[in-house]
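Chemist: So you can see what is in the structure, the chains are spelled out below.
Protein chains: 2
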Amino acid sequence: MDKYVIGIDIGGTNLRGALVDGNEKIVEQLKIASDADLGIERLIENLTGFVKKIRGDNVISGIGIGIPGIIDSEKGVITAAPNIAHVKDYPIRDALAERLGGDTKLVIENDANMVGLGEWRAGAGKDVDTMIMMTIGTGLGGSIILDGKLWSGAHGMGGEIGHITVNPGGPLCNCGNYGCLESYASAWAIRRMVSEALEDGSRDTSLRNSFRNTDPDDLPERVMEAALGGDELALSIWEEVGKALGIAIASLQNMLDVEMVVLGGGVANAWELFIDTAKKEAYRRGFKAPMEKLSIKKSVLGDDAGIIGAAYLALNNLRPD
Amino acid sequence: MDKYVIGIDIGGTNLRGALVDGNEKIVEQLKIASDADLGIERLIENLTGFVKKIRGDNVISGIGIGIPGIIDSEKGVITAAPNIAHVKDYPIRDALAERLGGDTKLVIENDANMVGLGEWRAGAGKDVDTMIMMTIGTGLGGSIILDGKLWSGAHGMGGEIGHITVNPGGPLCNCGNYGCLESYASAWAIRRMVSEALEDGSRDTSLRNSFRNTDPDDLPERVMEAALGGDELALSIWEEVGKALGIAIASLQNMLDVEMVVLGGGVANAWELFIDTAKKEAYRRGFKAPMEKLSIKKSVLGDDAGIIGAAYLALNNLRPD
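As given, the protein sequences belong to chains V and Y, one line each in that order. Residues 28 to 348 (this note's numbering) are what the first sequence spells out, left to right. Residues 28 to 348 (this note's numbering) are what the second sequence spells out, left to right.
Calculated from the structure, these hints are not laboratory results. Where hints are given, some of them may not hold.
Because identical chains cannot be distinguished in the list, a pair is counted as satisfied if it fits within a single copy or across any two copies.
[Claimed, not checked] Below, simulated SDA-like cross-link-like pairs (lysine to any residue); rule was C-alpha separation at most 25 Å, straight line:
id, residue 1, residue 2
1, Lys-115, Leu-255
2, Lys-30, Leu-300
3, Lys-30, Met-318
4, Lys-79, Gly-49
5, Lys-306, Tyr-205
6, Lys-153, Ser-233
7, Lys-153, Leu-262
8, Lys-102, Ala-149
9, Lys-115, Phe-238
10, Lys-79, Lys-306
11, Lys-176, Val-114
12, Lys-80, Lys-153
13, Lys-79, Val-155
These numbers come from a predicted model, not from an experiment.
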């Protein structure tokens with residue numbers, strides 16, 4: 028009998044997932060609304076329906092779920108998750124197991140860690156053992172793979188690459204620190220930079236209109252288009268993004284000496300607009316020898332990375348160590 | 028028959044080492060001049076004599092050597108070492124093996140990594156699995172222990188915690204980067220800070236005399252004494268040291284989530300003068316949950332840490348994995 032697992036990525040808006048076979052190949056994909064804004068009970072209901080639907084008549088031996096938040100993967104608990112309403116120290120693994128019945132093994136992990144695992148198993152990092160992934164979306168999520176294993180810290184709280192300080196006197200970050208990488212390289216950072224620049228009312232930029240009429244998460248795309256059209260403010264913003272990424276990459280490489288850094292997420296679509304600056308800054312700051320060994324790549328799996336990572340972790344969870 | 032190994036720490040001035048038994052207990056210690064400034068051939072001669080002397084009639088199954096420089100531990104090669112004259116891509120393992128004869132297993136590693144291993148096995152970190160060590164001396168050396176293993180990177184060049192950027196617009200570091208941790212927290216950083224402050228000729232400080240008459244490596248002790256005597260410049264320098272350490276610790280903990288950070292080396296003797304600032308800055312900047320799990324400790328082994336780490340690595344090298 029074939030062995031199947033299910034990999035799921037919980038988003039603020041959608042539940043996305045796939046039925047995956049023992050060779051980590053996607054057999055079937057599904058996407059439904061998550062209703063995460065309606066609270067955890069509704070989300071659990073939707074998750075249960077999602078699993079039953081995609082499972083069909085197949086026997087499932089494991090389910091991996093990536094969750095946007097602070098996750099205690101050992102205990103199977105969501106410690107905190109700003110994008111899921113009313114959730115704090117919630118035992119999601121037990122809650123789901125009860126509804127699904129049987130002895131399906133459930134494994135949960137922070138969504139950025141799942142994305143890193145996916146890119147490493149099947150994406151840009153599939154030929155390396157040691158890799159850092161940065162997912163640049165609304166915020167900046169990170170994940171660290173060392174010697175073929177996810178390093179999520181002694182207490183499962185590591186990998187927060189978005190919150191290393193790249194400029195101690197920089198802007199206040201959502202986390203309470205000042206000058207985090209995320210406060211320069213993320214959708215909200217781009218919004219901050221545009222907003223600050225527009226305070227100078229005389230500044231001639233095509234971004235003045237987009238800023239008012241654009242959803243914050245879509246703003247990076249407008250800034251990308253403006254930069255490609257030669258808008259100077261837009262170009263300078265991508266320069267800032269690149270510089271901050273370069274500072275962080277040099278620090279990471281001096282410290283961890285990995286084989287590859289992979290950049291993904293929506294904001295990374297502006298690749299051509301920031302990557303030269305990022306590399307220049309990283310090579311200028313990092314030690315020559317480890318920097319020369321480092322590949323800096325764009326993610327190749329896009330939105331599927333988190334699903335594949337979740338499925339991989341579920342499969343891996345079944346195997347005796 | 029008892030199993031013995033030898034752990035050696037190569038310094039710019041001295042060779043220090045010990046005969047260590049299979050339980051990682053020091054049986055005998057020895058210190059001789061390294062003559063590292065006279066070149067690698069002389070150093071090898073001294074090392075050979077050192078080993079023969081401390082070995083005596085015992086059978087030695089392994090030797091571990093900590094070397095100040097960039098080390099390719101897999102190949103047994105010193106890639107570069109600023110404090111050893113005329114050395115570049117030097118195959119020290121083979122050179123020593125030839126002179127010592129027999130089949131003694133030799134393992135080499137960067138000296139800061141040996142210090143971290145020693146503190147973890149037998150010092151401040153002996154009850155944890157996951158630890159970061161910063162050795163604050165002339166420069167700032169780092170070492171990372173994850174899940175009971177030294178993480179020295181995919182190419183053996185990691186652990187350079189002294190060269191993470193804590194202030195991108197900060198002073199030029201010896202490595203070519205700007206605003207490295209080492210350029211705020213090390214003996215040479217203290218020298219830089221004193222020197223810059225003294226440019227203001229009207230500044231009233233007891234450090235004006237010490238600066239002229241003190242060996243750079245002894246200056247931190249003078250600045251410590253001056254601070255304890257209430258000298259304002261000296262106090263502000265320790266504040267700078269503490270702030271930089273705090274910024275770095277927060278970034279490290281957000282990223283790696285370890286159980287303990289250990290600070291050692293000569294400059295760490297000024298512990299009471301910088302540790303409160305360092306902790307305050309780290310707690311202010313780091314994520315609450317992993318920061319609350321973190322212990323920040325002073326090293327307990329002092330100069331012996333590197334020797335014990337080297338002996339441990341030699342013993343560990345003998346055991347089948």
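Chemist: With reference to the structure, classify each hint as holding or not holding.
Modeler: Hint check results:
Taking identical chains as interchangeable, the C-alpha atoms of Lys-115 and Leu-255 are never at most 25 Å apart, the minima being 43 Å within one chain and 47 Å between chains. Proximity of Lys-30 and Leu-300 under a CA criterion of 25 Å is satisfied in neither setting, with 44 Å inside one chain copy and 60 Å between copies. Taking CA atoms no more than 25 Å apart as the test, Lys-30 paired with Met-318 passes in neither setting, with 41 Å inside one copy and 41 Å between copies. In the homo-oligomer, the alpha carbons of Lys-79 and Gly-49 lie at most 25 Å apart inside one protomer (19 Å), although the nearest pairing across protomers, at 57 Å, exceeds that limit.
For the identical chains of this complex, Lys-306 and Tyr-205 are neighbours both inside a copy (24 Å) and across copies (16 Å), given an alpha-carbon limit of 25 Å. When the C-alpha separation of Lys-153 and Ser-233 is checked against a cutoff of 25 Å, the pair qualifies neither within a copy, at 40 Å, nor between copies, at 59 Å. For a Cα distance limit of 25 Å, the shortest separation of Lys-153 from Leu-262 qualifies neither inside one copy, at 33 Å, nor across copies, at 51 Å. In this assembly of identical chains, the alpha carbons of Lys-102 and Ala-149 never lie at most 25 Å apart, being 28 Å within a copy and 31 Å across copies at closest.
For the homomeric pair Lys-115 and Phe-238, neither the shortest alpha-carbon distance inside one copy (34 Å) nor that between copies (55 Å) is at most 25 Å. Taking the closest pair of Cα atoms, Lys-79 and Lys-306 never come within 25 Å of each other, the shortest separation being 46 Å inside a single copy and 49 Å across copies. In this assembly of identical chains, Lys-176 and Val-114 lie within 25 Å of each other by CA distance neither inside one copy nor across copies; the values are 29 Å within and 36 Å between. Taking the shortest alpha-carbon separations for Lys-80 and Lys-153, neither the intra-copy value of 30 Å nor the inter-copy value of 50 Å comes in at or below 25 Å.
In the homo-oligomer, the alpha carbons of Lys-79 and Val-155 never lie at most 25 Å apart, since the shortest distance is 35 Å inside one protomer and 43 Å across protomers.
In this structure, the earlier hints numbered 1, 2, 3, 6, 7, 8, 9, 10, 11, 12 and 13 are contradicted, and the remaining ones agree with it.
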